[in-house]
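Residue strings, one per chain:
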Amino acid sequence: MCLAVPVKIVSINGDEAETEIAGVRRRVSIALTPEAKVGDYVLLHTGYAIGVIDEAEAEETLKLLEEIASLSEVH
Amino acid sequence: MDDSILLAHGSGGKLSHELVEKKILPFLANPALNKLDDSAIFEASGRLAFTTDSYVVNPIFFPGGDIGKLAVCGTVNDLAMNGARPQYLSLSAIIEEGFLLSELEQIVQSIKKAAEEAEVSIITGDTKVVNKGQADKLFITTSGVGIISPGVDISGANARAGDKVLLSGTIGDHGIAIMSQREGLRFSMALESDCAPLNKLVSQMMEVSSRIHCLRDPTRGGLATTLNELARQSKVGIVVEEAKVPVKEEVKAACELLGLDPVYVANEGKLVAVIDPTDTDKILGQMRKNIYGRDAAIVGEVTKEHPGKVIMKTKLGPSRIVDMLSGELLPRIC
Amino acid sequence: MKFIDEYQDNKLARGLAYKIAQRSTKTIRLMEFCGGHTHAILRYGIRQLVPKTVEMRSGPGCPVCVTATADLDKAIALAHLPDVIITTFGDMIRVPGSYSSLQQAKAEGADIRIVYSTIDAVEIAKANPWKSVIFIGIGFETTAPTIAASILKAQQEKIKNFNVLSLNKLTPPVMKALLDSGELKLDGIIGPGHVSVIIGSHPYEFIPRDYGVACVISGFEPLDILLCIDKLMEQIEKGEPKVEIAYPRGVKPEGNRKARQLMEKVFEIGEANWRGIGIVPQSGLKVRGKYERFDADKAFSVSLKPPREPEGCRCGDVIRGAAMPPECKLFGKVCTPESPVGPCMVSSEGACAAYYQYGTPENSQGA
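Chains as they are written, first to last, in our numbering: chain W, 532 to 606; chain E, 40 to 373; chain R, 233 to 599.
Because the hints were derived from the structure by calculation, they are not lab data.
All residues carry an ideal CB built from backbone N, CA and C; glycine is no exception.
Fair warning: there could be bad hints in the mix.
[Stated by the list, open to error] Selected chain W positions facing chain E (Cβ under 10 Å, derived; list incomplete): (1) Leu534; (2) Ile543; (3) Ile552; (4) Val555; (5) Arg556; (6) Arg558; (7) Pro565; (8) Glu566; (9) Ala567; (10) Lys568; (11) Ala587; (12) Leu593; (13) Leu595.
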């Protein structure tokens with residue numbers, strides 16, 4: 532049950548946020564993620580932000596993937 | 040006249056005449072239409088192409104166009120897809136009682152502009168008014184006649200193994216522009232429908248090549264459905280490369296949000312061309328010179344394997360079947 | 233698109249696929265429990281990127297598919313009540329119930345509206361104060377908090393005509409039920425990414441502990457899924473099953489506390505009827521007594537004919553992963569997306585629909 536899309540918070544007004552992804556804007560409820568700040572990326576699911584994306588972890592994952600790819604190239 | 044359409048506007052009496060003479064005729068005027076005879080008379084020789092389509096789009100006004108523009112472009116394009124030069128259109132409107140005259144005027148203006156751009160004349164028409172609730176605001180039907188030059192044979196059954204498949208530009212723009220207006224989906228974007236008349240683009244392509252085998256516009260059901268139709272009609276297989284299909288970033292994003300696949304989203308100003316590979320560069324070059332073909336690309340080719348089926352080579356390598364759209368395009372949650 | 237495009241990179245995918253192939257020494261069977269994963273695995277051709285030693289099965293992760301026929305019949309019956317507006321996520325409309333479908337009910341005059349969010353359902357309730365709006369609440373732990381939030385919002389705004397038919401279900405209990413049944417021997421579980429954003433990773437600890445099965449939580453882009461398979465393989469090859477998060481940008485071990493708080497405030501846990509599986513204890517969410525004003529089950533009563541399953545339909549087997557879609561005799565012949573017999577062919581997360589639409593030329597469409 533999982534279609535959730537990463538969108539960026541552009542502004543916050545109470546428990547609603549204006550978000551944006553590649554030029555598409557959508558108003559979203561942050562009732563489930565009150566800690567979200569402007570500039571954060573959140574996962575949007577059926578009109579609600581369900582979690583804040585951890586950008587540091589995202590970087591780590593990409594680094595890991597790059598490492599794996601470069602090791603494979605050696606062969 | 041009042042602000043809105045009344046039943047009397049459709050009854051054939053004074054109000055009907057006033058509606059046509061004041062609100063429609065002045066904008067679409069041409070010698071045949073101006074006569075207001077029961078039928079329009081014109082001369083034509085050679086092979087004729089004839090098509091009809093009804094337009095029931097909701098909302099009737101959308102970013103980049105309206106039902107009027109759609110009604111002209113859709114029929115013009117259907118003629119162009121058989122290599123015909125569109126000449127004359129008929130225009131019937133079924134209007135719901137209470138429809139705003141100001142909105143009707145806007146739509147007539149759109150029809151005028153679109154007809155001018157496509158260089159077609161609307162030579163006959165009809166308006167009817169139905170009780171409130173019996174039509175969703177406005178339904179338009181246009182029929183069109185075009186002339187096919189001798190020797191031209193463009194048909195969905197003509198694709199051959201080895202042919203290249205060209206696409207005139209980005210997919211999904213129209214469908215997503217329409218969805219962005221639907222209440223409940225609530226997203227906003229700068230994206231406009233790609234609704235456009237393609238007959239000049241087609242003429243320009245035909246100027247440089249006589250080896251265009253098929254032309255089709257991927258409207259309802261999107262690119263995937265159109266390619267499947269061609270594969271079935273021609274009894275060939277089509278292989279398309281996902282990475283080569285142009286999609287605007289905003290359309291990708293909107294599709295992500297809604298859980299849709301861009302290849303199933305409707306287009307109203309794009310065409311698919313299946314051509315002999317020898318003329319690929321010439322045709323592509325010509326397409327890119329036209330505003331409606333500036334993002335034209337080679338997206339695939341025709342094969343004799345898996346006839347009737349369309350295979351997509353995905354970005355990551357594996358191939359998968361791309362079937363026609365079944366049912367409606369529904370946003371998903373999962 | 234940030235956080236999407238980078239995880240679709242070709243070169244990185246090839247690297248992972250190579251590593252997985254190198255590491256694999258024996259046949260292993262993995263199962264995903266999320267319709268979004270079922271869809272992604274087929275859309276991106278993941279099966280073709282991993283070696284044949286990795287067998288992948290789809291478990292009960294599609295909320296539309298696991299909705300019991302009797303519950304769908306109830307929703308359809310509610311749709312026919314006077315002055316009722318049914319609001320539902322799109323996927324539910326075309327699923328055939330015992331005698332009808334929501335789509336058919338709509339054609340017969342019922343007021344049924346597709347919404348993208350419960351927020352829209354509440355708005356519809358506000359705009360139609362003389363009608364009762366019933367939201368068909370399907371979904372797992374990803375969606376349940378959003379439904380809870382909308383009930384609380386309706387309460388806050390004193391909206392009296394908003395109701396939820398709570399058919400929400402929980403994932404770890406159904407995983408346990410499947411593992412207990414022993415019908416399929418599993419080596420690893422691809423954990424649902426967005427359910428885990430809410431519940432974290434701790435609820436899955438029983439899987440390696442009690443069953444010796446590996447569990448890695450995965451994201452939804454192709455690289456996420458391949459990374460998950462890589463980690464599962466590592467655990468399985470080493471014989472060290474545990475719970476791991478392969479989607480750390482989205483999932484924290486403790487999950488989303490606020491979301492769970494809201495869920496627990498509004499819902500209580502009870503048994504649920506899963507299509508193809510039957511009653512699974514402690515696997516469903518019911519609206520708490522405190523909020524019974526918003527509970528469609530309390531507000532309305534309908535009489536139903538006994539539910540019936542379509543003949544020859546193997547959705548139950550497919551939902552449990554016991555059969556692959558092409559193994560169903562109806563697949564692609566009688567049962568197609570245009571004329572679906574069961575829910576697995578209707579919902580785009582259903583295994584059958586995903587297979588039909590995205591299958592490889594050799595194995596799709598029953599052809």
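Okay, the hints, checked on the actual structure:
no.: 1; hint: Leu534; result: 5 Å, holds
no.: 2; hint: Ile543; result: 17 Å, violated
no.: 3; hint: Ile552; result: 4 Å, holds
no.: 4; hint: Val555; result: 4 Å, holds
no.: 5; hint: Arg556; result: 5 Å, holds
no.: 6; hint: Arg558; result: 7 Å, holds
no.: 7; hint: Pro565; result: 21 Å, violated
no.: 8; hint: Glu566; result: 23 Å, violated
no.: 9; hint: Ala567; result: 18 Å, violated
no.: 10; hint: Lys568; result: 22 Å, violated
no.: 11; hint: Ala587; result: 23 Å, violated
no.: 12; hint: Leu593; result: 16 Å, violated
no.: 13; hint: Leu595; result: 18 Å, violated
Checked against the numbered hints above, the structure breaks hints 2, 7, 8, 9, 10, 11, 12 and 13 and satisfies the rest.
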